[in-house]
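Trainee: So the protein sequences, as listed, match chains A and B.
Start counting the first sequence at 331; every next residue gets the next number (the working numbering).
Start counting the second sequence at 331; every next residue gets the next number (the working numbering).
No lab work stands behind these hints: they were computed from the structure.
There's no promise every hint is true.
Chain A side only, calculated, beta carbon under 7 Å to chain B, not exhaustive [as the list claims (entries may be wrong)]: (1) Gly369; (2) Ile372; (3) Arg375; (4) Ile378; (5) Pro407; (6) Thr408; (7) Gly523; (8) Glu531; (9) Leu549; (10) Gln577; (11) Ala580; (12) Ile601; (13) Lys605; (14) Asn606; (15) Gly617; (16) Ser631.
Reference excerpt, derived from the structure (chain B facing chain A, CB under 8 Å, subset only) [what the hints assert, rightly or not]: (17) Asp355; (18) Thr408; (19) Leu416; (20) Gly680.
Computed from a predicted structure; not experimentally measured.
Glycine is no exception: its CB is placed at the ideal position from the N, C-alpha and C atoms.
Protein chains: 2
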Amino acid sequence: MNGLNIISATIITIGDELLIGQTIDTNSAWMASALNKIGINIEKRIAIGDNWNQIWDCLEKENQTASIVLITGGLGPTSDDITKPLLCKFFNGKMIVDDAALANVKNIFENILKRPLLERNLKQAEVPDTCSVIQNERGTAPGMWFEKNNTIFVSMPGVPHEMKGMMSNYVIPALKKRFELKPIVHRTLLTAGIGESFLAEMLIDFEKNLPEHIKLAYLPNYGMVRLRLSANMQQSDEKTIDHEFEQLKAIVKDHIVADKDINIQEAISGIFIEKNLTLSIAESCTGGYISHLLTSIPGSSRFFLGGVVSYANEVKRDLLDVPQTLIETHGAVSIQTVEKMAEGVRKKTGSDISLATSGVMGPGGGSDEKPVGFVCVAMSTANKTISTTFQFRFDRTRNIELTAVQALNFMRKNME
Amino acid sequence: MNGLNIISATIITIGDELLIGQTIDTNSAWMASALNKIGINIEKRIAIGDNWNQIWDCLEKENQTASIVLITGGLGPTSDDITKPLLCKFFNGKMIVDDAALANVKNIFENILKRPLLERNLKQAEVPDTCSVIQNERGTAPGMWFEKNNTIFVSMPGVPHEMKGMMSNYVIPALKKRFELKPIVHRTLLTAGIGESFLAEMLIDFEKNLPEHIKLAYLPNYGMVRLRLSANMQQSDEKTIDHEFEQLKAIVKDHIVADKDINIQEAISGIFIEKNLTLSIAESCTGGYISHLLTSIPGSSRFFLGGVVSYANEVKRDLLDVPQTLIETHGAVSIQTVEKMAEGVRKKTGSDISLATSGVMGPGGGSDEKPVGFVCVAMSTANKTISTTFQFRFDRTRNIELTAVQALNFMRKNME
Numbered sequence: 331m332n333g334l335n336i337i338s339a340t341i342i343t344i345g346d347e348l349l350i351g352q353t354i355d356t357n358s359a360w361m362a363s364a365l366n367k368i369g370i371n372i373e374k375r376i377a378i379g380d381n382w383n384q385i386w387d388c389l390e391k392e393n394q395t396a397s398i399v400l401i402t403g404g405l406g407p408t409s410d411d412i413t414k415p416l417l418c419k420f421f422n423g424k425m426i427v428d429d430a431a432l433a434n435v436k437n438i439f440e441n442i443l444k445r446p447l448l449e450r451n452l453k454q455a456e457v458p459d460t461c462s463v464i465q466n467e468r469g470t471a472p473g474m475w476f477e478k479n480n481t482i483f484v485s486m487p488g489v490p491h492e493m494k495g496m497m498s499n500y501v502i503p504a505l506k507k508r509f510e511l512k513p514i515v516h517r518t519l520l521t522a523g524i525g526e527s528f529l530a531e532m533l534i535d536f537e538k539n540l541p542e543h544i545k546l547a548y549l550p551n552y553g554m555v556r557l558r559l560s561a562n563m564q565q566s567d568e569k570t571i572d573h574e575f576e577q578l579k580a581i582v583k584d585h586i587v588a589d590k591d592i593n594i595q596e597a598i599s600g601i602f603i604e605k606n607l608t609l610s611i612a613e614s615c616t617g618g619y620i621s622h623l624l625t626s627i628p629g630s631s632r633f634f635l636g637g638v639v640s641y642a643n644e645v646k647r648d649l650l651d652v653p654q655t656l657i658e659t660h661g662a663v664s665i666q667t668v669e670k671m672a673e674g675v676r677k678k679t680g681s682d683i684s685l686a687t688s689g690v691m692g693p694g695g696g697s698d699e700k701p702v703g704f705v706c707v708a709m710s711t712a713n714k715t716i717s718t719t720f721q722f723r724f725d726r727t728r729n730i731e732l733t734a735v736q737a738l739n740f741m742r743k744n745m746e
Numbered sequence: 331m332n333g334l335n336i337i338s339a340t341i342i343t344i345g346d347e348l349l350i351g352q353t354i355d356t357n358s359a360w361m362a363s364a365l366n367k368i369g370i371n372i373e374k375r376i377a378i379g380d381n382w383n384q385i386w387d388c389l390e391k392e393n394q395t396a397s398i399v400l401i402t403g404g405l406g407p408t409s410d411d412i413t414k415p416l417l418c419k420f421f422n423g424k425m426i427v428d429d430a431a432l433a434n435v436k437n438i439f440e441n442i443l444k445r446p447l448l449e450r451n452l453k454q455a456e457v458p459d460t461c462s463v464i465q466n467e468r469g470t471a472p473g474m475w476f477e478k479n480n481t482i483f484v485s486m487p488g489v490p491h492e493m494k495g496m497m498s499n500y501v502i503p504a505l506k507k508r509f510e511l512k513p514i515v516h517r518t519l520l521t522a523g524i525g526e527s528f529l530a531e532m533l534i535d536f537e538k539n540l541p542e543h544i545k546l547a548y549l550p551n552y553g554m555v556r557l558r559l560s561a562n563m564q565q566s567d568e569k570t571i572d573h574e575f576e577q578l579k580a581i582v583k584d585h586i587v588a589d590k591d592i593n594i595q596e597a598i599s600g601i602f603i604e605k606n607l608t609l610s611i612a613e614s615c616t617g618g619y620i621s622h623l624l625t626s627i628p629g630s631s632r633f634f635l636g637g638v639v640s641y642a643n644e645v646k647r648d649l650l651d652v653p654q655t656l657i658e659t660h661g662a663v664s665i666q667t668v669e670k671m672a673e674g675v676r677k678k679t680g681s682d683i684s685l686a687t688s689g690v691m692g693p694g695g696g697s698d699e700k701p702v703g704f705v706c707v708a709m710s711t712a713n714k715t716i717s718t719t720f721q722f723r724f725d726r727t728r729n730i731e732l733t734a735v736q737a738l739n740f741m742r743k744n745m746e
């Protein structure tokens, strides 16, 4: 393998649960992002079931084309987990007990789980003698590193935090050592309030004049669009992509939320921390989701005080001081109610700024006047309380997500 | 194709964003689940980039083996979207304007977006003349149905709600009409409080005696394990799988949370609605996530009143009446504080039952006495307030999720 080529990898995830829709594959995205950062390009991701012939065929095919094959799943202690015996045969090995893996399994059962060790758990310490063992610091199943015909195969458990531990502590450093890698660099712009095709119209000339090795992608999500420039540092350099990124920013400047790859809640977090302001939230239709988005960010306690999930009208009245008569006159989903919710939660928590939501998320509860997807949002400060309405469509989950993102963006715009 | 064979499908998702980890693929799980329900088996899922040669190779390979190939993505109006011209060439067609698709695009711009129609949007109404057009009721890009050498290829947009609309209204009914399908039937048991390997020990004899055409899978998630029996109704019948399921339930009866494929929040929702009880929640460390899980369920307003996200200590004091001295003496993360939080939110909202959480989610904030992953949970009713502690590990996101699931399960067990 030539260290100067762009190194490509294939990700194979094994497990029936991935093929019947019971599990959403979040591992692949994490692995792709981690490999991308060190300059390894993911060419393909394949998900297959716990099926001997299919796994075998898949390994054979990838052995012909891929430099690196990362495999997750199928290493559990139960009989539907066939990956390890298959790899043993595929790489012409025989099973042996790995002492370090055995000590790890024993330690986990004796000192952490405090449960008796079963025969089937002991089996987790067995590995083919044709692999290098990757110890699992977060679980019982060891990882395995094989090589065959110039292809590296790494098998890891499908449990996300176990896989992530092995990748971070062992696989990524080992791949960096093995190949002469040049990272793929991205520059990402988060925009709001303008559709994908309108951005594309604004960027016709920009796209035409982009150097061939820099690629522009449009990534729409929740009514916002990310614009991403990508370049492999083998063909380009930081200065060139930074120059193009500045051009891009100048063209779409009126629509920029953030000039890095963050989401709206991270942008909000940055603004509040920088301005040393505090926030509280009163959520009716979003039912805690906005608070969850913000508190998912480490360190959010620096600006987020908390708030009230006022799902029932009585909670709006008793915890947020929204007058009963106002709810009766205008309805729980109204500009009047949501403004009082925002004022109530700000006063109760003593925050500098507050945000409030009330709407009809569906599938039930819609009317001609206030159909499913109708949402009222308000923000309040010591000086002003302002509000807006949105009309979304479709299903409940999407309406909750869209409301959260658009409410946060409404607040962001009105903080400037 | 023989209608009596088990029909298998491949899902291909196209888009660079899937290979650099910027997007988590939720479409595939939804499609797999929808196809599985009508008896179509997913053999493989492949994700590839916006790369002409790779897409072409992939289509050629699948044309040799798959009966059905479902393709999503790459149909947008921007220049990185190459799927449509590629399909046109692959299926030897030429581009023509589809009148119905054109009317749809015009309608969306004129009446819904109220924006001027651009040339590039008009192009979305063009399709190869070798396909049957699938109209898009939720967006501008039409779907396309091709057939070649006994393989059906369906191309759909990658936007989840657009794809779902096409699948539900057109693709699924058309596949049901075309093939003589027998559904794959699953029976799922949700268990808690026992590990995968201990369940497997209990089920050794059961597994040995299972009819060959019924498969048992162990699906661990968030400290709970789902046990799933699967059978294709061509080789089995409902009576046989129901019989085996009853046996399974009898063996693991002490660990059952639910005897259907629901999650813990749906189980909680069912219990509250059946018992006609109301719930409120005070969340510190989970920051709104438990409320979000519950309010994601349509109709949750029948039992969920709301609550308080008491992230700051002042909010615990001012909105939940937790005495300041108690927080100072025992700390915000303590049995004493979390019990007062539960009592406070129950009294303030007037709910029958309440649940409260406080813990150290990480990465910062841990101490020797209360390390990252240490969590206190309490529930309160008119008669009693009880609490427990957990020690989780690892990262913030996982700690928040584990706390939510285990707190709900703690409440469920203590409601019996």
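Trainee: All hints are to be evaluated individually against the structure, with a verdict given for each.
Mentor: Consistency of the hints with the structure:
no.	hint	verdict
1	Gly369	violated (12 Å)
2	Ile372	holds (4 Å)
3	Arg375	holds (4 Å)
4	Ile378	holds (5 Å)
5	Pro407	holds (5 Å)
6	Thr408	holds (5 Å)
7	Gly523	violated (12 Å)
8	Glu531	holds (6 Å)
9	Leu549	holds (5 Å)
10	Gln577	violated (17 Å)
11	Ala580	violated (20 Å)
12	Ile601	violated (18 Å)
13	Lys605	violated (18 Å)
14	Asn606	violated (15 Å)
15	Gly617	holds (3 Å)
16	Ser631	holds (6 Å)
17	Asp355	holds (6 Å)
18	Thr408	holds (5 Å)
19	Leu416	violated (16 Å)
20	Gly680	holds (7 Å)
Of the numbered hints stated above, those contradicted by the structure are hints 1, 7, 10, 11, 12, 13, 14, 19, listed in ascending order.
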